[in-house]
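Protein sequence lines, in the order shown, are assigned to chains A and B. In terms of this note's numbering, the first sequence has 143 at position 143, counting the first letter as 1, and numbering is strictly consecutive. In terms of this note's numbering, the second sequence has 75 at position 75, counting the first letter as 1, and numbering is strictly consecutive.
Hints listed in this document are in silico derivations from the structure and should not be mistaken for laboratory results.
Cut-off 25 Å, straight-line C-alpha distance, at most; resulting in silico cross-link-like pairs (SDA-like, lysine to any residue): (1) Lys7(A) / Glu125(B); (2) Lys6(A) / Arg17(B); (3) Lys130(B) / Ala14(A); (4) Lys153(B) / Glu128(B).
Footprint (simulated), chain B over chain A, 3 or more residues, beta carbon under 8 Å: (5) 15-23; (6) 209-220.
Not close to chain A: a few residues of chain B, all C-beta gaps over 12 Å, as computed: (7) Trp56; (8) Asp131; (9) Gln141; (10) Val149.
Don't be surprised by glycine CBs; every beta carbon is placed ideally from N, CA and C.
Each chain is listed here by its residues.
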Amino acid sequence: MSDDPKKLLDQIVASAADDEPSEGQLARLSARLGPLLGPPAGGGGHGAGGAAGGAGALGKWLLGTAAVALVGGGSYVAYRATRSSTSVAISAPADAGARASAIADAAPVTLDAAHELDAGVEHAKRPPSASEALAEESRLLGRAQSALTAGDGRGALRWVERHARRFPKGALAEERERLAIEALVVLGRRADAEKRASLFRRRFPRSVQWPRIRELLDRSR
Amino acid sequence: MPTFEEVYREHVRFVWRTVRRLGVPEADVEDVCQHVFEVVHRQLPGFRGESKLTTWLFAVVRRVVADFRRSAYQRRRADHGEVEIAVAADQEERLERARARALLDQLLDELDDDKRTAFVLCELEGMEVKDAAEMLGCPVQTIYSRLRVAREKLEAAARRMQVARSTG
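All chains should be built: construct the whole structure from the sequences, respecting the hints.
In structure tokens form, the structure reads like this:
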């Protein structure tokens, strides 16, 4: 680097040109924003024109998401898995038959246990590929978000718990937990929301979702 | 009003660069950008066009970045003070650029938020001063003044850096 301070400063400032995101980084970001972006045009890009609506649009979006996840150079699932490898105890009922309604009412159990209960019932087929898993995760959480937007906290919790059973350590686990906490707040179950938030904090101490969760809990006081 | 997808497509690179330049470490830019766009998605229906879209978007970016920088994690990183440069040592040119970029982080950290923001928008983003003034809601003269002081501080910091290098 230059010995002249002014040139050194110019050289340093010029390095800001490297702040441009790469195509791979943009593809990963698009994948993470998932359902918010709607169906990508031509199976690629960052979610062009028109909101997702109906089964056809959803199907296209799922395909597009899978493509985008692959463009990222290595699966997003693998990327996130390195950031969240610890397991955590979160509510769940012991009785599989009554699971859906019980989850909405209260119910702590470990996610892993819930996942085991589910194994062999709904998803005893071949394991999904990384891109298929991500698309399915996004779909489930997209439904949870839609339920929340409609003010349906119970519905949101059902979708969230369905995600938790299928993908206990999924790539979108942070997003799932944030949605769960939001749903509990909507239902007026503040104590449960606080408990879940506390588990979230332990499991994802670096999560960028945390300020939002904190704000949500503060606002609900 | 633009759709969320249009906002994302048009402005994702601007958001990414700005998040990085306002002080988010490279490893966390993706997380923070995700959060920015989640906020945008939630709040866009309430945007009535009272200001330019970029002004509104920039306000969201600033808020999210400020939240991030206040977080305990960020404080812990700052305490360690080490800059990671993820480039193989034999890649001289890339290493040099990575070092320069790490130094830019250090220099920008010496500015307060107002001066840093003015410098990022006008010097790094190449925005006109009048546009930056509108975006930040202050008179043009204030921006000129912040830019002048920011440049002085950065030059002084570069001089100190130079002295440290030559005596180190």
